[in-house]
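Participant: Each chain, letter by letter, is given below.
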Amino acid sequence: MSIRVNFTVNGSAESVDGVWEGESLLYVLRERMGLPGSKNACEQGECGSCTVYLDGIPVCACLVAAGQVEGRSVRTVEGLADGDRLDPVQEAFLECGAVQCGFCTPGLIVACHDLLARNPAPGDAEIREALAGNLCRCTGYEKILDAVRLAAARRAPRP
Amino acid sequence: MEFLRPASWAEALELKAEYPDAVPIQGGTDVMVEINFDLRRPARLLDLNPVAELSRWSTTGGVLRVGAGMTYTSLIRELSADLPGLAQASRTVGSPQIRNRGSVGGNLGAASPAGDSHPPLLAADAEIEVESRARGSRLIPATAFYQGVKRSALAPDELIRAFHVAPATGPQYFSKIGTRNAMVIAVCSFAIALHPRRRAVGTGIGSAAPTPRRAGAAEEYIAAELDWDSRAALDPRVVARFGELVAQAASPIDDVRGTADYRRHALGVLARRTLTWAWHEHMRERTTT
Ligand SMILES: Cc1cc2nc3c(=O)[nH]c(=O)nc-3n(C[C@H](O)[C@H](O)[C@H](O)COP(=O)(O)OP(=O)(O)OC[C@H]3O[C@@H](n4cnc5c(N)ncnc54)[C@H](O)[C@@H]3O)c2cc1C
Ligand code: FES
Ligand code: FES
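Taken in sequence, the protein lines are chains D and W.
Each number in this note's numbering comes from the position in the first sequence (counting from 1) with 19 added on.
Each number in this note's numbering comes from the position in the second sequence (counting from 1) with 2 added on.
Hints are computed from structural coordinates only; laboratory data are not their basis.
Where is the CB? At the ideal position from N, CA and C, for every residue including glycine.
Certain hints may be false.
One-sided and incomplete, this derived list gives chain D residues near chain W with beta-carbon spacing under 8 Å [stated by the list, open to error]:
(1) V78
(2) C81
(3) V83
(4) G142
(5) G159
Okay, the calculated bits of chain W under chain D, using three or more residues with CB under 8 Å as the criterion [claimed, not checked]:
(6) 113-125
(7) 179-193
This is chain D alone, in the form it adopts within the complex (with noise of 0.2 Å):
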């Protein structure tokens, strides 16, 4: 047996068939719709690294069962960008080499988003705090504290 999954996906209505009952939003996001973005580390909550927003809430995507997007909007780093502009997150984490092997940047770049969208001059604890569900474990964290501050200083109304 299998469902039908209908959501909006970077803006756009999709229908997914043939998925399994106690597939996971990430599988179907990877495996099924081409949006291998939001990557697959842990499968279970701890790395943050399929962090996508879920009715603008940032969520592990390995963790929400597909069915329970049903009619509910999806946003994932592949919809961050402004067609070929990037999001200021993800110019600030390239700039700042916040970037090595890549595994843990799209949930990275969703979560920062999600932070300077709430917080747009978040302190050190607080950037800390709001990253506490990502794991990286190629950078030691100082130069993705350093992107998330450039980001941030680039994103603030200039005076």
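Following the hints, complete the assembly by docking chain W with the ligands onto the known chain D.
Facilitator: Relative to the frame of chain D, chain W with the ligands by itself:
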């Protein structure tokens, strides 16, 4: 597998009555881990997300009724003043992503002895509202809800609808031991609630017995020892005795996260610390009012 999507609470109860083996899924932060790792292959999933009322709270007769599906993030945002102990515990759950999905109802459904919502629910005398189509709804005191490791008083045809708890009338604190600040299953945890109007103290112990439990003897001892009307500092001997009684109330085991001895020791520390925080807050309030 079948994926059931009730449109309302009544329909959810219907489906649970028809298929008692259906596994409810709210935030999925426990259920999906089990499915992803093939630890569980339920015949049916019962998605509670469409039942919007589960994510809301209300107040009736001075008592809060908090929907089982309310996420930790919403609870922290909306109920920190009324339920400070539970809000503190909620802040320690997982990570932002987990708190954005995970719910107290799911924590109750999983009934893990390490669930962080349990100690503050116990300390604040919460009651769990459960319901079945056949027998209607009933209120289970938190103390009677937890029945064993990952076992609760919930019947197979029942669903958890809400929990009921009075807003705090005194200081409440929660503390837990783990290896880092985020993403930590408690090695042990402790919650305290002072109820100055009735001169009572509530406690909850987590991760140090087959079920979350209260430390009854410690509660009675400290409620009698506290000088509720004065602003007197705590007698260190009384604080120490409270810590001992809390530690004695636990029946911990050795496991990967810690030894029984360590847990007992750490619980004593948490009990002394949270009592001191709570009493200082109580004194401050007396000074300012
Ligand atoms: C990475 C990670 C970190 C975590 N960290 C913590 C932590 O620090 N502290 C902690 O306590 N927990 C933690 N958890 C466990 C989990 O997040 C919590 O137990 C959470 O409260 C579960 O809520 P949920 O809505 O996601 O539950 P779900 O997974 O949807 O359900 C959990 C259980 O409850 C049942 N259930 C759900 N809703 C109902 C209902 N209304 N009626 C009857 N049964 C119901 C389900 O059938 C299932 O058995 C963590 C999990 C992950 C993946
Ligand atoms: S893959 Fe989802 S949190 Fe790691
Ligand atoms: S860049 Fe490799 S895990 Fe973060």
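Participant: Does the nearest C-beta of chain W fall within a distance shorter than 8 Å of the C-beta of D:G142?
Facilitator: violated (16 Å)
Participant: Let me know if the C-beta of D:V78 comes in closer than 8 Å to any C-beta of chain W, holds or violated.
Facilitator: holds (5 Å)
Participant: Just to be careful: measuring from the Cβ of D:C81 to every Cβ in chain W, is the smallest value less than 8 Å?
Facilitator: holds (6 Å)
Participant: Are 3 or more residues of the segment 113-125 of chain W near chain D, judged by a Cβ distance of less than 8 Å?
Facilitator: Coverage by chain D is violated for the segment 113-125 of chain W (0 residues, Cβ < 8 Å).
Participant: Let me know if the C-beta of D:G159 comes in closer than 8 Å to any C-beta of chain W, holds or violated.
Facilitator: violated (16 Å)
Participant: Can the segment 179-193 of chain W be counted as covered by chain D under the rule of three residues or more with Cβ-Cβ separation shorter than 8 Å?
Facilitator: holds (count 3)
Participant: Holds or violated: the hint that D:V83 contacts chain W, with Cβ atoms closer than 8 Å.
Facilitator: holds (6 Å)
Against the hints set out earlier in the document, violations occur for numbers 4, 5, 6.
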